[in-house]
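K.L.:
Chain residues, written in single-letter form:
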Amino acid sequence: DQQVKQNSPSLSVQEGRISILNCDYTNSMFDYFLWYKKYPAEGPTFLISISSIKDKNEDGRFTVFLNKSAKHLSLHIVPSQPGDSAVYFCAASADGNNRLAFGKGNQVVVIP
Amino acid sequence: NAGVTQTPKFRVLKTGQSMTLLCAQDMNHEYMYWYRQDPGMGLRLIHYSVGEGTTAKGEVPDGYNVSRLKKQNFLLGLESAAPSQTSVYFCASVRDGGSYTFGSGTRLTVV
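Order-wise, the sequence lines are chains B and Y.
Just so we're aligned, residue 1 is where the first sequence starts under this note's numbering, counting upward by one.
Just so we're aligned, residue 1 is where the second sequence starts under this note's numbering, counting upward by one.
Next up, chain Y with everything else stripped away, as it sits in the complex (with noise of 0.2 Å):
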C-alpha cells in the first residue's frame, strides 16, 4: 500500500518554465489537497478537491492550476514558474473526515 506518491521528488526550472506535479493515491479517498511549504510559513493551502471532476481554490490558488480527471489523481500545473513559487510542495488526502495522509513532498527550485 504505497499511500499517497508524489512525483518528481525534486526540480529545477527556469523562470517562465511550465511544469506539473503528479499526485497518486491509492486509498480510494474523495478529497486531495496540495500545499506549500516555505520556511517560518507553515502549510498553505493552494488548491483542493472535493472528488473526482472537482477543484476549488485555497489559500494561495494564484500562479497555479489544477485537475481531478481521475479519483486517484491530483495534478499541480505551474503555467509560468516564478522564483516566488520555489517551495516544498505537499499533496495530501483523506477520506471524509479523519486525518490527512501527505505525501513525501517535490522541492521545487525556480532560478
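For reference, chain B alone in the conformation it holds in the complex (with noise of 0.2 Å):
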C-alpha cells in the first residue's frame, strides 16, 4: 500500500519559470517530510524538508509547502534551470527508526 503518492510521473518546464511538484500522503502519524533529487547512475541527494509543525520551508530557489489537513505537500524550484532536469522523490517519515516511505518520483526535465 503506498503511502506516499506522486502523480504525474513527468514534467517538462522551460528555463526560468516555475516547476510545481505535488505529493500526497496517506498516513496521518506521518511528522517529517522531504525531497530527494536524483540524477542517473547516482544515488538521490537531499533536496529540502520540513517539519510538521510548519507550513512553509524555503532554501534558495527551492520551496516546499505543507498542508497537513488535505495531507499533501508541494515543492516549487523558481527559476528552473536546466541543471534541475531529474528524478524527484518524496518521502516521509513517522517514526524513531527514522525509516522513510518514498513515493515513485517525478521526472522533470527543463527546457533550454
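By construction, these hints were calculated from the structure, which means they are not laboratory data.
Take every hint as true, because none was put in to throw you off.
If you only want the chain B side, here are some residues facing chain Y, beta carbon under 10 Å, derived:
id : residue
1  : PRO9
2  : ALA41
3  : GLY96
Restricting the straight-line Cα-Cα distance to at most 27 Å, the calculated cross-link-like pairs of lysine-lysine (DSS-like) are:
id : chain 1 : residue 1 : chain 2 : residue 2
4  : B       : LYS71     : B       : LYS56
5  : B       : LYS54     : B       : LYS71
6  : B       : LYS68     : B       : LYS54
7  : B       : LYS5      : Y       : LYS57
8  : Y       : LYS57     : Y       : LYS71
9  : B       : LYS5      : B       : LYS54
10 : B       : LYS104    : Y       : LYS9
11 : Y       : LYS57     : B       : LYS104
12 : Y       : LYS9      : Y       : LYS70
In silico contact screen, one side only, chain Y against chain B (beta carbon under 8 Å); selected entries:
id : residue
13 : GLY40
14 : TYR48
15 : VAL50
16 : GLY97
17 : SER104
18 : GLY105
Glycine included, each C-beta is placed from N, C-alpha and C at the ideal position.
Given two chains presented individually in distinct reference frames, assemble the corresponding complex, making use of the accompanying hints.
P.N.:
Right, dumping it as C-alpha cells:
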C-alpha cells in the first residue's frame, strides 16, 4: 500500500519558469517530509525538508509547502534551470527508526 | 570524506547464485538502510539497522538477509538469486533524524 503518492510521473518546463511537484500521503502519523533529487547512475541527494509543525520552508530556489489537513505537500522550483533536470522523490517519516517511505518519483525536464 | 560507499557498482548473476552487497559509511551514523529501486516503483525498503548488531525487516525483505557486525558496514545478501531481484540497490545512512546520505547504487542483473 503506497503511503506516499506522486502522480504525474513526468514534467517538462521551460528554463526560467516555475516547476511544481506534488505529493500526497495517507499516513496521518507522518511528521517529517523530505524531497530528494536523483540524477541517472547516482544515488538520491537531499534537497529540502519540512517538519509537520511548519507549513512552508524555503531554501534558495526551492520551497516546500505542507498542507496537513489535505495531507499534501508540494515542491516549487523557481526559476527552473537545466541542471534541475532529474527525478524528484518525495519522502515521509513517522517513527523513531528514521525509516522513510518514498513516492515513485517525478521526472523533471527543464528545456533550455 | 567518502560518505557512503557501495560495492560492487555492477554485477550480473545467474539464477540461483549467491552474492553479498557491501555498504560502508565513514560518518559514524547509527542507522543504515537497504532500498531497491525498480521502474515505476520508487524506492522500497528491504532491511534496516538501528545500530551495530541489530537488523530489522522492511517492506520487501523476502529473499534477502542482512548483517551489521560493525557499525560502519551493512551487508545485504542474496542466498539464491532470482530474476525478480534484478534491480538497482541503494544503501543509506543517517545519524538520528535529518536526511539520509545515499550511496551511488549497485546495479544487479539476474539472468
